[in-house]
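A.B. asks: Using the hints, put the two chains back together into the complex; each one sits in its own frame.
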Amino acid sequence: MLKYLLRKLVLVLPLLIGVITLIFILIELSPGDVADKFFTPETTPEVREKIVAKYGLDKPAWFRYLLLLKNLAVLDFGTSIAHGEAVTTLIGEALPNTLILSVVTLLIIYPVGVALGTIQGVKHGTVVDSGASIVSLFFYSMPSFWLALMLQLYFTLKWELLPTSGMHDPVMYEFMSTPEKIQDSLLHIILPGVAMGVASAAGAARYMRSSVLEVIRQDFVRTARAKGLPERQVVSKHVIRNAMLPIVTLLGLSLPFLFSGSVLIETIFAWPGMGRLIVSAIFSQDTPVVIGCFFVFTLVVVTGNLLADIAYALVDPRIKYD
Amino acid sequence: MRTLSLLALLATAGCTGESGPTEGATKAWETSGTLVIAVQEDMDNLIPIVSQSAADSYVEGAVYFGTIDSGFDCSLKKIPALATDWEWSDDGTVIKLTLREDITWEDGTPMTAKDIAFSYDLVRDPDVASPRISYVQHGIEGKFPVVIDDTHLEFHFTHAYDRDTQMSHITALPALPEHLLGEADRGSLRKHAFGKSPMPSGSWKLAKHEAGQRMVLEPNWNFTGPDEYKPKLNRVILRVIPEYATRLIELEKGTIDLMQSVQFEDVDRLAKEHPNLRLVRRGWRSMDYIAWNQQNDLFKDAKVRRALTTAMDIDHMMGQLLTSESGEVYGKRSTGTITPALCGVHNDDIQPLPYNVEQAKTLLAEAGWTDTDGDGFVDKDGKKLSFTLTTNNGNPRRAKASVFIQDYLKQAGVEVNIEQLAANSFFENLRKKDYDAALSGWSAGLFVDPSTIWHSDVVRGIDPQSVNGDTPNCNDEVTDNCVEKRYEFNFVSYSNPKADELIEKGLHTPVPEESAPIWREMQQVIYDDQPYTFLWWMDEVIAVDSRFEDTTINVLSPFGNLHEWSVPADKIKYER
Numbered sequence: 033m034l035k036y037l038l039r040k041l042v043l044v045l046p047l048l049i050g051v052i053t054l055i056f057i058l059i060e061l062s063p064g065d066v067a068d069k070f071f072t073p074e075t076t077p078e079v080r081e082k083i084v085a086k087y088g089l090d091k092p093a094w095f096r097y098l099l100l101l102k103n104l105a106v107l108d109f110g111t112s113i114a115h116g117e118a119v120t121t122l123i124g125e126a127l128p129n130t131l132i133l134s135v136v137t138l139l140i141i142y143p144v145g146v147a148l149g150t151i152q153g154v155k156h157g158t159v160v161d162s163g164a165s166i167v168s169l170f171f172y173s174m175p176s177f178w179l180a181l182m183l184q185l186y187f188t189l190k191w192e193l194l195p196t197s198g199m200h201d202p203v204m205y206e207f208m209s210t211p212e213k214i215q216d217s218l219l220h221i222i223l224p225g226v227a228m229g230v231a232s233a234a235g236a237a238r239y240m241r242s243s244v245l246e247v248i249r250q251d252f253v254r255t256a257r258a259k260g261l262p263e264r265q266v267v268s269k270h271v272i273r274n275a276m277l278p279i280v281t282l283l284g285l286s287l288p289f290l291f292s293g294s295v296l297i298e299t300i301f302a303w304p305g306m307g308r309l310i311v312s313a314i315f316s317q318d319t320p321v322v323i324g325c326f327f328v329f330t331l332v333v334v335t336g337n338l339l340a341d342i343a344y345a346l347v348d349p350r351i352k353y354d
Numbered sequence: 019m020r021t022l023s024l025l026a027l028l029a030t031a032g033c034t035g036e037s038g039p040t041e042g043a044t045k046a047w048e049t050s051g052t053l054v055i056a057v058q059e060d061m062d063n064l065i066p067i068v069s070q071s072a073a074d075s076y077v078e079g080a081v082y083f084g085t086i087d088s089g090f091d092c093s094l095k096k097i098p099a100l101a102t103d104w105e106w107s108d109d110g111t112v113i114k115l116t117l118r119e120d121i122t123w124e125d126g127t128p129m130t131a132k133d134i135a136f137s138y139d140l141v142r143d144p145d146v147a148s149p150r151i152s153y154v155q156h157g158i159e160g161k162f163p164v165v166i167d168d169t170h171l172e173f174h175f176t177h178a179y180d181r182d183t184q185m186s187h188i189t190a191l192p193a194l195p196e197h198l199l200g201e202a203d204r205g206s207l208r209k210h211a212f213g214k215s216p217m218p219s220g221s222w223k224l225a226k227h228e229a230g231q232r233m234v235l236e237p238n239w240n241f242t243g244p245d246e247y248k249p250k251l252n253r254v255i256l257r258v259i260p261e262y263a264t265r266l267i268e269l270e271k272g273t274i275d276l277m278q279s280v281q282f283e284d285v286d287r288l289a290k291e292h293p294n295l296r297l298v299r300r301g302w303r304s305m306d307y308i309a310w311n312q313q314n315d316l317f318k319d320a321k322v323r324r325a326l327t328t329a330m331d332i333d334h335m336m337g338q339l340l341t342s343e344s345g346e347v348y349g350k351r352s353t354g355t356i357t358p359a360l361c362g363v364h365n366d367d368i369q370p371l372p373y374n375v376e377q378a379k380t381l382l383a384e385a386g387w388t389d390t391d392g393d394g395f396v397d398k399d400g401k402k403l404s405f406t407l408t409t410n411n412g413n414p415r416r417a418k419a420s421v422f423i424q425d426y427l428k429q430a431g432v433e434v435n436i437e438q439l440a441a442n443s444f445f446e447n448l449r450k451k452d453y454d455a456a457l458s459g460w461s462a463g464l465f466v467d468p469s470t471i472w473h474s475d476v477v478r479g480i481d482p483q484s485v486n487g488d489t490p491n492c493n494d495e496v497t498d499n500c501v502e503k504r505y506e507f508n509f510v511s512y513s514n515p516k517a518d519e520l521i522e523k524g525l526h527t528p529v530p531e532e533s534a535p536i537w538r539e540m541q542q543v544i545y546d547d548q549p550y551t552f553l554w555w556m557d558e559v560i561a562v563d564s565r566f567e568d569t570t571i572n573v574l575s576p577f578g579n580l581h582e583w584s585v586p587a588d589k590i591k592y593e594r
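Residue numbers (our numbering), protein chains in the order written: chain R, 33 to 354; chain G, 19 to 594.
Chain G with its partners taken away, still in its complex shape (with noise of 0.2 Å):
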């Protein structure tokens, strides 16, 4: 009797926590094959106003039927999807957007422009505290969106910026059905029961959730919109593997079709030992670099900076920390913190700094550090150039990195400490510019915004992006009219009047080919003064089974389009 319980057990275990299966809705149109995708976390929420797990993004990606579609070359392509046509106003402070009139919610409900309105009311409601409020900051309040009628709207900015970011500041956030949400409690928004099964408008429909194991999406049957975003598969199944090693196994095995983020080192042997897979290149989405806190008189003198990056064979380490066993380089050496992705406003023609041990020397010796007395260390004023490296624990290829920029600069006569701190001491002490010098690293924006990290720390004044043109007139106290604007992401205390002149220059131009040579000129002006030593731009490899047809891995999303992806008839691996 005991083991029979147990057996009973067994065959429930798994299936609390899961949403209920799909009813009603019979298959409106042909699919076939089962794509099973490998993820590390499982999913959170999926109100994309409150939402933060990778997990969650790519769920609500395939369920909610979004304002646009992005896609990418160079930089982000805009491809109509509810939003068939859009139009800027003359001044590029206004515009409007005709939507689509056939989509509707799975109960049948028209998707409409209130729809996108009720997203952007719950962004902008303090209750909600959502972490996605910038998106509203340069939007008129009350006119951000006006509603004309069904299927038209307006946003209405205070000022034109970068036009690239303003369309994503509307557009990233899809329309949530207000006929469901409308009377939930704003407060507790995170809490909703919409969250775990919320109802499609998208080609996806989250059909089972089971905590910690699995994400199930099948297609969404009452789907009214374009044919070419009806999926072409029977099953899009989200299986969460919190570990690398696991998922590799699966993937080798066949049981799962998709990985991300595989080790270079694991990218030969897949290659010979499994034909079946495809290995492919995502280029240059995350970057390491090495922080000088200015706010240490050690790093106050751009020559020191310079002396610094002279001093290590970025080439050479690149060679050791991103390659697979053949010799192939992951990665590409790191000019600024705009991604090399972004084409037309990346500059490619900064000159990296060579490695050079004796130019390094001559750099810190006009500096005014010397090795006086002979201990192999420069030193000045009695006190040698001595500094502590702080980079987060659980990074390997950040601490091999730290070993060998200990080595190189001690071959140019400094001495470095190695520190390795839990990731969230880590970023605090980087936040609060309690460090000397720290490894860490960015993901890439796909729109430019370098102030958060590159403009000056701390701006007394008229916020200046929300006064096109103004100067700015206030004295170092804060009163109604003159706001403190901190700009925490600069932990390095960098502070150049030349960079903030084109970081707002920029920023208020709304033409992408205009804003493009002043982005280019920031970022020679920023390498110059060496604020960070730029290490390297690192792609991701993912793997996915060569069945599949029709795929889109790209910058943007490592499954991309899910509702275009197929299997052809005579490959069909799952009969579900």
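For reference, chain R alone in the conformation it holds in the complex (with noise of 0.2 Å):
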């Protein structure tokens, strides 16, 4: 097992390299430079120029390469242009505030997704089976951030239910207690987490009523049976454990996706995360920032999928690495 994760670990390099690579051709095939946003009309072409040379853009595209490379590798992230402020605070302002809403949105998928999936699976063919297929179905097709929309227009327009936008209350918030603070910020993860998770649970719950429909066809499920167990105890005992055996891989491959789907939510949601700070950083062409913020998704992914890898050989003995 340790053999195999420290294998995993060193093909993160080459991966790393190529990930930084191809975005920084990307950025480079991109016309306009970061340092457009300094000029308006009356900026003198010699300002130009010094703007151009502080940020190291006058030099050539292998140089700038082989630099970021070199800084890479001491993690030195540099500093963003757009911002004036160093990479590592920007990440590290953003990165806690996705972890959340990720953290959040997979407490909403699995529960919610497993339940629903069982349900659908052990009421095979039924009403409530078609019925859960349909919903499931519609939300799993439907566009996050239109989803999103409809969230804010009914539950904080109509209904005045729950905050629309941001991480707290923004006029109230420093004059609450702490257990207040608790809840202004629980209720507002709600709609950002519902808007990021709804969709990720309907697949969840695809996947686990085709997996329960799986286990619940074989004989150690017929034998429990057989036995006179009450079929409550044969779902929870020996057909849902099985069952979650594929759900748990999905678990550690849905983070990249929370991720790249924090670009829309947060935006909409007003939420300083990194899909925000991806997005504009993107817009501004700030190399540094871009660099970073994919150095992490890169983690992230390859996180992800490492620990899909322990998760299933922990819930799985069948299941050896060597």
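Simulated from the structure, these hints should not be mistaken for laboratory data. Among the clues, some could well be false.
Listed next, the stretches of chain R that the computed footprint assigns to chain G, with coverage defined by at least 3 CB atoms under 8 Å from CB atoms of chain G [what the hints assert, rightly or not]:
#	region
1	176-188
2	202-214
3	234-240
Computed from a predicted model, the values in this text were never measured in an experiment. Ideal Cβ positions, reconstructed from N, Cα and C, are used throughout, including at glycine.
C.D. replies: And the structure:
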């Protein structure tokens, strides 16, 4: 197992270099550069040259690429050109916010998806199954940004149940007691969490359903029933446990999806996370920030895969990595 | 346990990047009420020498006590602030400012002429690479300014030019605290901590900044200036909400009090459903135009350009693109790049070319373009009149306008292909003049300097603005005395000696009353040449909760003079 993980970790390095190279090439190929942000009709050409030189943009691309790799080798991500702040500071501010949102989303996806899928599998062929299939297909195929806007429209404007956007109350937060602050933060995370999680929960439900259907036909389930176990126990002890195996893999693999989904959701819900950081960095061609964000994204994807591998081995004793 | 730590994380999340809470100062006068403003972007940096985002300028305007205040009534009006008095020399090349004595920085250090001089020293420093360096380009080095004593200083200009422009060049930058920034490394000024938590000298203090979420302004309780600058509100909160639909919902819910750039199609519904909102028009801040690249042979002939304008029903397009549901038009036909808001300078007498397809065809025929092969498109020397109209993507108004334009020009026998490019590529192509025709826009300058857009694009000679009245006498070579000046924002390579002459004359005329007729004549000359098809000036609609009184919403700012805003006691919404 350890050997396997180490081998996987060694493979991360070429993957990171590949991602960074690709991103660098894409930024280079797109016209204009970040220095454009500073230019107005009043900017004289001399100042423009100075600004360009100041950010090293006058150097040839290969030189900047090698410099970038050299800096990344010592984990120096540089300074954002657009914000004038260390890239690590910006990521340090944004990453926890996205992680919180992802964790909450996962908490929505899995219990809901697993429960729904199990019910569907057990009640296979009934009205409940078809009804749930239609509902999950509906949410599965719905664009998350549209769902987000609809949630805002109904839950905040029409029914006034939840706050619309942001991480906490913009006016009263600092005057709240700690329990009130926690409550306020929880209320603020519900809508973005649901908007991000619902489609994946619907997906998880569909996986779970087919997994349950497969397990429920197996001999050991028939044996369990034959020895007179109540149906409830058959499902909870024998079916769900075995049907969960593919879902665990899904857990690790959904982490990168959550991160990429955050790009839209964070913008709509004014959530200051990685998604918003990377969008603004791409638009302003702020290379250090873009590279830094993709570096983190790549690590998240790799970590998600590794977690899936480990979790799989843990829940299924038949799996061994050599 | 896991749940508990997640909860704790939730409660503290978003507090990173927060500047410290206000400490020390106690409430020194009565305030009440909170104003919540939605902004699209977070602030980056509050050192005005190097800052650039809109949010930066909003906060800077609140925390620094300006050299002068500006009002607007047909032109910029100067209102005494730090400078109580100013006096021009007879030849208009020297201005002497007298400053108040009672303004201090929050730490009690007096704000003096030296702090203004320090700001200008920073702007001029090549290491700083300030994008605002043009403010000092007509100032005499070493004498821009000269500090006489703590409350008096002089700015010496190389020559006299438009006084409003001169004045804006010396007052647009607030004074910065030399005692705090004097030792700062100038090459990395943008990274200085002061840029995130500046020391205030004005009415407000940046009490809190939560990155990507909000900026909280509280009264600067150590403010020592005149009483009328003391804020009446408890707090002003700038909330960062990037998405338009989200801002709109927050506005309708009443969780924000002020929103900019309300889309015209939402205006009527808001007015009907939310009587608590005041919808204020800010006139003529930006315009759209079609640039005809004169490096392209098609557009070299002014007759062709006039024909193209005549072929478009611009009023009808405005009726389709700039209207609310009830049909109210939020714009004005444009005849140039000087905003109609500058009513003393804007030439109201220019008659926009009327829509007339037959007239357009006649003009094209006079320029040699007729439909000889009967394919519906005019041609000349076997080539049909066909070009690509480029615009930036992400702007639905321009996207729709290009389809209208394509359709109108087809009726006049002109083939238009539409191309949309990412904003970066689009503006780079404009600068490189790598396009046929471009649908683009300008935002209005509030003092007049048409040279950047309309002066002949490449000029060799003695810099015409640096030597008053001398005739440039240079050959085509670039030497020490003969410089080459490029006006890069003249995207269309427009060149008309008459316009150049008027621009230079106007820029060298200090008194606005005397330069106004020159600018009006210049507008007519340019309009006759039709280097652009000028489309329209657009209004901006600001929605603001009507519980606020003494609000300033004008062409200068969507929320100006925040220290004057107040809420009557019976309408207070937030206790804190």
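A.B. asks: Each hint should be assessed against the structure and marked as holding or not.
C.D. replies: Hints versus structure:
Figure legend: the region 176-188 of chain R, annotated as covered by chain G; annotation consistent (4 residues with Cβ-Cβ distances under 8 Å, at least 3 required). Coverage of the region 202-214 of chain R by chain G holds in this model, with 8 residues showing a Cβ closer than 8 Å to a Cβ of that chain against a need of three. Interface restraint, the region 234-240 of chain R with chain G: violated (0 residues with C-beta to C-beta distance below 8 Å; minimum three).
In terms of the numbered hints stated before, the structure departs from hint 3 and from no other.
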